[in-house]
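**Student:** If you read the sequence shown in my numbering, its first letter stands for residue 2, the second for the next number, and so on.
Keep in mind that the hints were calculated from the coordinates and are not lab data. There are no misleading hints in this set.
For lysine to any residue, the following SDA-like pairs were computed, each having C-alpha atoms within a straight-line distance of at most 20 angstroms:
{"no.": "1", "residue 1": "K142", "residue 2": "E49"}
{"no.": "2", "residue 1": "K136", "residue 2": "F80"}
{"no.": "3", "residue 1": "K96", "residue 2": "Y26"}
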Amino acid sequence: MIRIGNVLVSPGEGGVYGERMLEGYRVWDPYRSKFAAYYLLGGELELEPGMRVLYLGAANGTTVSHVADYVETVYAVEFAPRPMQDLLEVARRRKNIVPIMADANRPYEYAPFMEGVDLIYQDVAQPDQIGIAEKNLIFLKPGGHLVLMLKTRSVDVRRDPADVVEEARAGLSQHLDVVDLRWLEPYHHDHAAIVCTRRG
Numbered sequence: 002m003i004r005i006g007n008v009l010v011s012p013g014e015g016g017v018y019g020e021r022m023l024e025g026y027r028v029w030d031p032y033r034s035k036f037a038a039y040y041l042l043g044g045e046l047e048l049e050p051g052m053r054v055l056y057l058g059a060a061n062g063t064t065v066s067h068v069a070d071y072v073e074t075v076y077a078v079e080f081a082p083r084p085m086q087d088l089l090e091v092a093r094r095r096k097n098i099v100p101i102m103a104d105a106n107r108p109y110e111y112a113p114f115m116e117g118v119d120l121i122y123q124d125v126a127q128p129d130q131i132g133i134a135e136k137n138l139i140f141l142k143p144g145g146h147l148v149l150m151l152k153t154r155s156v157d158v159r160r161d162p163a164d165v166v167e168e169a170r171a172g173l174s175q176h177l178d179v180v181d182l183r184w185l186e187p188y189h190h191d192h193a194a195i196v197c198t199r200r201g
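Generate coordinates for the entire structure from the input sequences, incorporating the hints supplied.
**Tutor:** This is the structure in structure tokens:
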């Protein structure tokens, strides 16, 4: 990952969402992107030029655009029509983004458009976030990574967020090796990044 001083940046064309530029690079704002927050809080998972990424919960493409600056292809899945319009505009300017309007809970809907991926990045505000991740593991190559941005309040607003995260970690460890877990404070409240590797 590219840093200028303490600022995380990406090397693509600017002007996607009004982001600042620094020495010709796009500033990757941790308050706008959980992935940026993860990196600035010490996350070590590198985005490599040859990677293929499945991005679940692409929204309007803010983080998708930064990921696309680093990797070969991003399959960006979004279900809601309004953010999909913004995502299509982002994809028009970045030819390595494949926008897919579908429900991440139904991977069979977009399986015909997919290939094996090196990374699944998931950021969805639904109760069954672990179940969604498990359903999409069919696309993850052995040795590939899952990055789950767990929104604890979307799982159960009444429970202690720490308990929700521990339950998620235990669930994921049945299928994957959990290699990192980081709370995203102070950038994103009650959110945690859980990084896993698929067993070979």
